[in-house]
Amino acid sequence: MSNAAETSVKPSRAIQELRSATVRLVGDSGDGMQLTGTQLTNTSALAGNDVATFPDYPSEIRAPRGTRAGVSGFQVQFAATDIFTPGDRLNALIAMNPAALVTNIHDLEPGGVLIVNEDAFAPKDLKLANLDTNPLDDGSLAKYRVIKVPMTMLTRKAVEGLGLGHKFADRCKNFFAMGLVYWLYGRELDTTLRFNSEKFGDKPEVAQANERALRAGWNFGETTEVFGISYRVPPAKFHGGLYRNIMGNQAMAWGLMAAAKLSGKELFFGAYPITPASDILHELSRYKNFGIRTFQAEDEIAAMCAVIGASFAGAMAVTATSGPGLALKTESMGLGLMLELPMVVINVQRGGPSTGLPTKTEQADLLQVLFGRNGEAPLPVLACRSPADCFDAVIEAWRIAVRFMTPVVLLSDGYLGNGAEPWRVPRFEDLAPIPIHHPGPPREGEAFLPYERDDVLARPWALPGTPGLQHRIGGLEKQHITGNVCYEPDNHEFMVRLRAQKVENIAHEIPLQEVDGPQSGDLLVLSWGGTYGACHTAVKRCQEAGLSVAHAHLRYLNPFPANLAEVLDGFRRVLIPELNAGQLRMLIRDRYLVDAQGLNKIKGRPFVIEEIMQAIQEGVA
Amino acid sequence: MSNAAETSVKPSRAIQELRSATVRLVGDSGDGMQLTGTQLTNTSALAGNDVATFPDYPSEIRAPRGTRAGVSGFQVQFAATDIFTPGDRLNALIAMNPAALVTNIHDLEPGGVLIVNEDAFAPKDLKLANLDTNPLDDGSLAKYRVIKVPMTMLTRKAVEGLGLGHKFADRCKNFFAMGLVYWLYGRELDTTLRFNSEKFGDKPEVAQANERALRAGWNFGETTEVFGISYRVPPAKFHGGLYRNIMGNQAMAWGLMAAAKLSGKELFFGAYPITPASDILHELSRYKNFGIRTFQAEDEIAAMCAVIGASFAGAMAVTATSGPGLALKTESMGLGLMLELPMVVINVQRGGPSTGLPTKTEQADLLQVLFGRNGEAPLPVLACRSPADCFDAVIEAWRIAVRFMTPVVLLSDGYLGNGAEPWRVPRFEDLAPIPIHHPGPPREGEAFLPYERDDVLARPWALPGTPGLQHRIGGLEKQHITGNVCYEPDNHEFMVRLRAQKVENIAHEIPLQEVDGPQSGDLLVLSWGGTYGACHTAVKRCQEAGLSVAHAHLRYLNPFPANLAEVLDGFRRVLIPELNAGQLRMLIRDRYLVDAQGLNKIKGRPFVIEEIMQAIQEGVA
Amino acid sequence: MATAELPTLTASDFASDQDVRWCPGCGDYAILAQVKKVLAEQAIPREKIVFISGIGCSSRFPYYVDTYGMHGIHGRAPAIASGLAIAAPDLQVWVVTGDGDGLGIGGNHLMHCIRRNIDMNILLFNNRIYGLTKGQYSPTTPLGKVTKSTPMGAIDNPLHPVSVAIGCEATFVARTIDANIKHMGMVLARAAAHKGTSFVEIYQNCIVFNDGAFGYATDRDQKFDTVLELEHGKPLVFGKNRDKGIRLNGLDPEVVELGKGVSEDDLLFHDERAREPCLAYLLSRLRYEDGFPEAIGVFRAVEAPRYDEELNRQIELAQEKRGPGDFNKLFSSGDTWTVP
Amino acid sequence: MATAELPTLTASDFASDQDVRWCPGCGDYAILAQVKKVLAEQAIPREKIVFISGIGCSSRFPYYVDTYGMHGIHGRAPAIASGLAIAAPDLQVWVVTGDGDGLGIGGNHLMHCIRRNIDMNILLFNNRIYGLTKGQYSPTTPLGKVTKSTPMGAIDNPLHPVSVAIGCEATFVARTIDANIKHMGMVLARAAAHKGTSFVEIYQNCIVFNDGAFGYATDRDQKFDTVLELEHGKPLVFGKNRDKGIRLNGLDPEVVELGKGVSEDDLLFHDERAREPCLAYLLSRLRYEDGFPEAIGVFRAVEAPRYDEELNRQIELAQEKRGPGDFNKLFSSGDTWTVP
Ligand SMILES: Cc1ncc(C[n+]2csc(CCOP(=O)(O)OP(=O)(O)O)c2C)c(N)n1
Ligand SMILES: Cc1ncc(C[n+]2csc(CCOP(=O)(O)OP(=O)(O)O)c2C)c(N)n1
Ligand code: SF4
Ligand code: SF4
Ligand SMILES: [Mg+2]
Ligand SMILES: [Mg+2]
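So the protein lines, in turn, are chains A, B, C and D. Last residue of the first sequence? That's 620 in numbering that gives the first Met the number 0, and every number before it is there in order. Last residue of the second sequence? That's 620 in numbering that gives the first Met the number 0, and every number before it is there in order. Last residue of the third sequence? That's 339 in numbering that gives the first Met the number 0, and every number before it is there in order. Last residue of the fourth sequence? That's 339 in numbering that gives the first Met the number 0, and every number before it is there in order.
Heads up, some of the hints might be wrong.
[As the list claims (entries may be wrong)] Using 25 Å as the maximum straight-line C-alpha spacing, the simulated DSS-like pairs for lysine-lysine come out as follows: (1) A:260 x C:328; (2) D:328 x B:260; (3) A:602 x B:501; (4) C:320 x A:264; (5) C:328 x B:198; (6) C:243 x C:259; (7) A:142 x A:166; (8) D:259 x D:233; (9) D:259 x C:144.
[Claimed, not checked] Covered stretches of chain C (chain B as the covering partner; in silico rule of three or more C-beta atoms under 8 Å from a C-beta of chain B): (10) 14–24; (11) 131–137; (12) 145–153.
[Claimed, not checked] Selected chain B positions facing chain A (in silico; Cβ < 10 Å): (13) 68; (14) 238; (15) 241; (16) 330.
FYI, nobody ran anything at the bench for these hints, they're computed from the structure. Given the structure is predicted, the values throughout are model-derived calculations rather than measurements. All C-beta atoms, glycine included, are put in the ideal place defined by N, C-alpha and C.
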């Protein structure tokens with residue numbers, strides 16, 4: 000920020016400049032770690048860093064205080080260079096209690112900074128965390144730079160006189176921790192102070208307490224000697240423009256709103272709440288002044304069916320869900336396919352199977368969205384690659400849906416949906432409009448043929464209300480051109496192949512697959528979806544290390560880009576990293592008969608860059 | 000039948016002996032063609048022929064009389080040799096009206112016998128069939144041996160005096176036609192007469208009318224000169240034993256009942272009606288004296304969930320549905336998988352996608368049952384290959400389900416479910432029992448671990464009611480051994496791979512893949528499910544013609560037999576005929592990286608042998 | 000287009016080009032005829048009308064009317080119609096469903112559609128059987144009924160469609176009979192006129208799989224004693240000579256003979272606009288097998304907020320309060336920074 | 000095993016080894032405590048009891064009781080429990096569900112389970128919110144309520160669980176309140192004792208996302224005027240000094256002051272065994288926002304045929320009539336032929 004110099008406080012001690020810093024704040028679900036992390040993220044972004052975040056919380060609303068099950072964490076990397084992931088190893092870990100400490104310490108780099116609230120390490124706390132010994136003095140933390148801070152006590156002191164009881168005073172602990180971290184990385188307080196006064200404007204005593212705690216934390220760092228050193232991460236070089244932070248689900252919602260406007264449509268969003276997709280519904284429901292209609296259905300089937308009805312009515316109809324909800328939509332998606340009406344089905348994937356790991360991320364629904372319907376039922380499938388990319392991806396999904404008159408599936412995941420990154424704000428005028436044609440009333444005597452085809456095999460989107468275009472559609476096999484029910488054997492095969500061809504035709508309208516790096520060499524890393532950042536960074540580093548490796552990241556999973564065969568041909572080996580047991584790998588092996596190898600992680604967590612670099616090193620060997 | 004000689008009537012005219020005959024009876028939905036065909040089938044079987052049938056009816060209950068949409072047909076082949084399909088080209092076609100004639104004539108071999116009810120070719124009838132000219136005199140039937148019979152008139156005559164009005168008299172037309180066909184093929188009347196008097200015992204005038212019509216038809220053939228010749232198809236050579244005809248859905252139901260008894264379980268069958276699976280429910284609901292519990296649920300989801308509950312309770316729990324219903328079960332199947340409880344899910348496939356072609360057959364749900372669930376959710380999948388085979392296949396499915404503690408999917412299809420063939424009746428004592436172990440009360444102080452594993456990775460099936468084994472299971476990821484809810488990253492990956500490994504382990508317990516013909520050569524025909532008969536016959540004939548081709552038919556689609564790789568290696572090329580767009584083909588290409596080619600038919604009808612022979616000839620070239 | 004100037008249309012103008020494929024003698028034919036008649040009598044052009052159905056014989060209905068239409072999937076018609084009605088408030092939306100489609104697999108959507116009171120007309124063809132799948136029992140099949148799937152008789156207590164609708168806050172509930180053409184026409188017209196979800200149960204004869212299920216209510220001699228026509232504000236009188244009535248004894252209805260000291264004023268009076276649906280519910284419990292006439296006509300018709308209308312109101316309100324959406328404002332809201 | 004000899008168990012014997020993971024102060028804790036108490040008071044060993052749930056905070060319940068249990072999938076608990084109860088009639092089956100799980104996604108299964116009257120006890124924890132997914136409105140959320148998914152207020156007319164249950168032929172319907180521990184214990188015991196499907200709505204406070212939703216009914220000063228305890232055969236009296244009652248005016252209930260010419264005999268008397276559920280339905284319509292006290296206790300408790308029982312009866316009957324199944328007979332029934 001331009002006025003950074005003035006406001007930032009002159010530090011008193013040694014300062015070390017870093018290219019990037021990865022910090023994780025961990026505590027109880029109730030400790031406000033998500034808020035703390037978000038503040039640190041925004042402040043860092045405003046300071047010109049590139050940032051990437053990874054919130055990680057339990058699926059219980061509030062698991063019992065102090066237990067391992069209740070630990071909630073927020074990781075952020077802020078950097079002076081482009082980054083694409085929230086970072087692998089932690090440079091600093093802030094732990095508010097023993098459970099949080101022991102469940103996260105293994106990610107802290109040796110020599111890394113560990114800040115703990117030592118007031119939270121009483122025997123009862125240790126017991127809650129199933130600890131027999133106190134990690135603070137059993138030597139297990141020897142290889143870290145441990146900084147014990149009596150946060151509870153200091154926070155209570157700080158807010159003294161405001162007449163808050165201990166219960167409320169202790170709620171400000173996270174602001175104390177925040178202040179400390181801000182000092183450690185030379186961050187300004189003003190963004191957070193502004194946020195604090197806006198958010199708690201109606202509760203002045205709370206706002207004041209938070210502010211005091213924040214400053215107390217900062218001052219603690221400044222005045223005490225416990226920190227021999229503090230750090231600075233200079234601004235990153237960005238393309239010029241206006242920037243903001245955006246979360247994946249938020250970008251998805253905004254992209255939907257923009258797509259509607261760009262195509263001259265009203266947005267109908269029908270959904271049933273499910274983690275981690277619910278925030279799209281929440282976000283959209285806030286923008287009624289944009290003419291957005293959100294419909295919380297009684298279940299996912301109803302949501303999908305309402306979307307079909309809204310699409311028939313001529314709206315931009317969209318639903319969003321996660322794995323178990325998608326499983327319920329498969330029958331109705333088949334109807335949407337048979338009706339050849341445009342709609343978008345968003346799947347923010349989570350850990351499966353069944354209820355699985357609701358709050359964890361995974362990429363294991365690719366085959367489900369491709370094949371989870373009865374009969375031969377091909378649908379286009381796209382995937383987002385980063386939080387901000389959700390905005391562009393969903394606009395593209397809608398563009399394809401209306402151009403080809405088909406439901407389109409867009410895959411996101413919990414990591415993208417809840418993650419955040421800086422987003423270069425576009426000017427709405429610069430976004431490409433999405434043309435849509437609806438047939439008008441026919442000329443006298445002219446019959447309307449609902450299953451007539453255009454150049455890409457799309458059928459007309461005739462809207463109820465248009466005189467003379469009355470027609471009936473349904474899920475039984477249709478006669479070519481007329482759309483009448485037809486059980487004729489040859490017609491059935493013709494229509495099955497026609498529907499498949501229509502989806503294949505998309506390959507002619509989408510960009511050719513780009514390769515990041517040389518067009519040929521030892522190893523191609525082929526990835527899709529939320530693993531983009533880790534794969535991209537890993538490949539870059541290996542290239543810098545002189546390895547013969549390139550990266551191709553698929554946005555289009557069905558159909559594949561027209562040139563994918565050639566792309567694969569260019570390389571001796573193909574490595575496909577996925578957060579599943581090898582789903583894209585299966586498709587590639589079948590289609591291109593290449594012996595692609597998989598790097599598969601199924602832990603409910605994203606890849607770390609090192610994992611992929613290692614696989615690359617083995618792969619090129 | 001032994002006493003054939005005595006009862007059969009000495010024919011008066013030239014007799015030609017045939018190895019086999021393929022006859023199709025076609026008329027209005029209301030004309031009783033299904034009954035007529037079934038009678039001809041049973042009579043032929045009782046006469047010692049091998050038989051195979053193919054009923055084909057419209058999805059409307061009763062489409063308008065006389066229209067093409069209303070045509071209902073029944074095809075039967077009876078032969079003096081083993082046969083495996085209802086035949087390709089027709090030797091004789093019996094058409095009750097113009098619509099039936101024009102929609103079926105193309106399947107009649109040149110020179111074939113065409114018997115029509117000429118009383119049904121009035122102008123109004125032709126109009127109903129959208130015919131401008133009368134095929135009986137516009138020369139279009141020149142290449143057939145057309146035999147016009149005034150059936151309506153003759154039937155009315157035959158039943159005169161019984162005081163039935165025309166309306167009822169005309170209902171007997173099909174018996175007249177039957178009689179004629181019986182004469183043509185020298186069939187005895189007694190089986191049908193017995194059936195008639197049993198079925199219509201309570202309506203003696205109807206029974207009498209039918210009998211008169213039947214005899215009138217027979218006599219018409221015998222006395223008139225219109226047939227220059229009649230035919231005989233001598234008995235086929237079968238393994239000694241007691242035989243009966245059985246339909247696929249009936250064999251499925253009986254197999255379920257037998258499996259329950261063999262495993263000492265009570266059968267709980269929860270289903271929601273859907274064509275073409277409903278008959279399994281109907282059949283099972285008739286056998287309450289076998290202790291069978293059938294539950295017609297409010298929908299497919301409830302049926303699947305009730306099955307899960309019944310399995311938890313310790314019953315043999317089974318559901319059956321078709322494509323759209325399976326799509327609805329996918330979420331709950333995922334729960335069954337996570338719970339690792341034994342159950343069988345039967346999918347009698349029909350034409351898709353969506354509602355598709357409800358009464359037509361197809362094999363397009365293979366990928367759905369393999370991948371149509373959220374997350375990594377592998378399940379064993381088996382397929383039946385013929386009507387009678389449904390009996391063995393479903394017993395095998397249950398054996399695997401209890402041995403490995405997993406839901407098992409069994410694929411049938413409309414062609415198998417409604418088709419019939421002779422079945423060599425087993426002695427129940429000869430069927431292999433299915434051992435099941437339930438843990439008993441634990442020893443004092445000993446804890447019960449619901450997710451402990453045995454040698455094949457199966458977990459214990461502990462039944463509610465057992466003291467001391469109280470435990471809780473659910474759809475969230477489980478901790479290895481304890482089964483407690485566990486969000487631990489490494490545990491998740493471990494469990495995902497363990498569940499997959501458990502399914503893979505089945506490959507060690509199932510028979511190796513057999514090859515019909517040489518173990519190596521130019522071409523392997525690899526098939527699965529209901530295409531067995533056509534593939535088997537086509538390969539046999541090509542082998543007799545000296546082509547280097549063999550046949551492997553898969554019963555196990557997941558996992559594949561352990562030796563499948565070697566089997567494929569033996570051949571220069573692999574041809575995979577499927578009634579879909581290439582679903583098994585995709586799995587084979589992915590898994591074994593062989594450039595398998597597909598022969599794909601998506602017309603709602605089974606393969607005819609010629610289609611496959613032709614593809615073989617091209618394939619070996 | 001001609002229809003644009005709202006010419007007076009006739010029932011036959013609403014016939015589509017598809018030939019009707021129900022069994023000869025199916026009760027669905029009579030319903031189709033009445034619906035077309037009612038459509039012709041209202042001043043709404045064909046293109047502004049949409050029929051949505053599920054799966055079943057009854058659900059083939061949309062193919063036979065020359066309006067917009069969708070033959071959906073089993074049980075989901077009310078959900079499809081909800082999205083349609085919310086997205087296009089200017090259309091008249093009809094749902095055609097069956098006892099299996101609407102109350103079996105589709106019960107939940109029916110329930111939620113009704114409680115949201117979204118503007119549409121739901122016609123449930125109740126033939127007490129699964130017709131299209133050839134004769135399994137349905138959620139309205141009486142106890143003991145032998146069907147394909149209940150060879151020893153049905154053992155599920157049947158649901159009563161009108162009771163169910165009232166149980167989930169219906170604002171318009173009616174019942175009529177396929178054989179009673181004039182009455183059906185009246186009820187359908189009332190349903191079409193009602194704003195909000197109109198739920199109409201139609202007794203329909205399946206001549207093939209459940210012939211005579213409603214014989215008691217259609218038999219020309221019996222029907223006056225077995226059917227009671229509800230009229231708003233009128234006492235509950237029935238019988239060939241209108242000499243019988245329903246009287247309330249506490250909360251229990253009883254059949255009484257008029258005259259012999261009982262006058263019409265002693266009878267229960269119908270009030271379709273009652274604030275609470277207790278009367279409507281009570282009337283839904285009158286069953287032939289319990290010796291009562293079964294009520295037909297409009298059980299309940301009240302105005303209540305409608306989801307579709309309220310949603311649009313919220314949108315207008317939001318636009319008044321916050322102005323129409325401005326994307327550039329939205330994108331740059333909150334914390335932003337500029338890179339030179 | 001100890002439990003085999005039915006020792007007298009205590010509530011704590013029913014605690015599982017899992018730590019309870021609801022938010023501190025959640026109403027679910029009180030319900031869990033009462034359920035365990037009731038389980039201990041009945042003479043059924045732990046291994047003969049099964050808890051089935053769907054998904055939601057409430058649906059975590061089975062993990063916390065040391066019986067057999069299944070944490071199912073969202074909305075399907077009644078269907079899972081149906082299969083269980085039919086297959087194992089000797090078990091006591093409990094279903095725990097929420098307002099979203101039971102009436103949102105699961106409404107249809109709830110409806111059909113209830114009408115089949117399969118022997119189980121369904122507890123619906125109604126907190127009028129989606130708790131586990133962090134605060135969206137549910138099918139029981141009142142109009143106008145601001146939630147995560149209704150920033151301008153909810154616009155779906157809410158369902159009333161008791162009305163819904165009665166609308167689908169429930170044989171046992173009750174309501175109680177998490178904060179009213181004694182009453183809850185009584186209702187749970189009654190539900191457990193009932194043969195057939197017992198449906199119990201429990202007002203439950205979600206302290207995090209919908210705190211105070213039932214404040215009017217739990218507030219120590221207010222509750223006597225806002226809650227009415229139903230007692231079979233007793234008049235509907237309420238109020239701190241039991242000085243108010245419900246009187247029927249035609250079919251419309253009205254609140255009256257006792258004394259001043261109104262005596263208890265003028266009041267509506269409760270009859271949980273009424274043949275027809277009209278009274279129960281009427282009581283389900285008493286709502287706080289309309290100035291009525293809300294009824295708690297047993298609305299309806301009648302004996303009726305049960306699907307599970309009837310099915311087993313048909314099996315016995317079939318075996319009497321046709322003898323136990325003989326496979327060799329079956330296989331060789333109908334037309335057969337022998338090949339030498
Ligand atoms: C998902 C699904 N399950 C089952 C079916 C089979 N099915 C079609 S219609 C029907 C029931 C129809 O009964 P009803 O709704 O009463 O209509 P009717 O035919 O009696 O008019 C069933 C079970 C289906 N088409 N789709
Ligand atoms: C198929 C499916 N859809 C959605 C969800 C997400 N989900 C879990 S619980 C829940 C609602 C819970 O509300 P309620 O039943 O009232 O229980 P509560 O948490 O309030 O006790 C939802 C929508 C899911 N788990 N599965
Ligand atoms: S089966 Fe019954 S409901 Fe269906 S068309 Fe025929 S008569 Fe009508
Ligand atoms: S979110 Fe509400 S319902 Fe869920 S545990 Fe917390 S307080 Fe209880
Ligand atoms: Mg019906
Ligand atoms: Mg709730």
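Now the hints, each set against the structure:
1. A:260 x C:328: 15 Å, holds
2. D:328 x B:260: Holds. Residue 328 (chain D) to residue 260 (chain B) sits at ~15 Å (cutoff 25 Å).
3. A:602 x B:501: 19 Å, holds
4. C:320 x A:264: 22 Å, holds
5. C:328 x B:198: It is violated: about 79 Å lies between the C-alpha atoms, which goes past 25 Å.
6. C:243 x C:259: Cα-Cα ~11 Å, so holds.
7. A:142 x A:166: 35 Å, violated
8. D:259 x D:233: With a Cα-Cα distance of about 20 Å, the restraint between residue 259 (chain D) and residue 233 (chain D) holds, given a limit of 25 Å.
9. D:259 x C:144: 55 Å, violated
10. 14–24: With 6 residues close enough to chain B, the hint holds.
11. 131–137: holds (count 5)
12. 145–153: holds (count 5)
13. 68: Constraint on residue 68 (chain B) satisfied, holds at 8 Å.
14. 238: Result: violated, 36 Å to nearest chain A Cβ.
15. 241: This hint is violated: residue 241 (chain B) lies away from chain A, its Cβ roughly 38 Å from the closest one there, beyond 10 Å.
16. 330: 4 Å, holds
Taken one by one, the earlier hints fail for this structure at numbers 5, 7, 9, 14 and 15, listed in ascending order.
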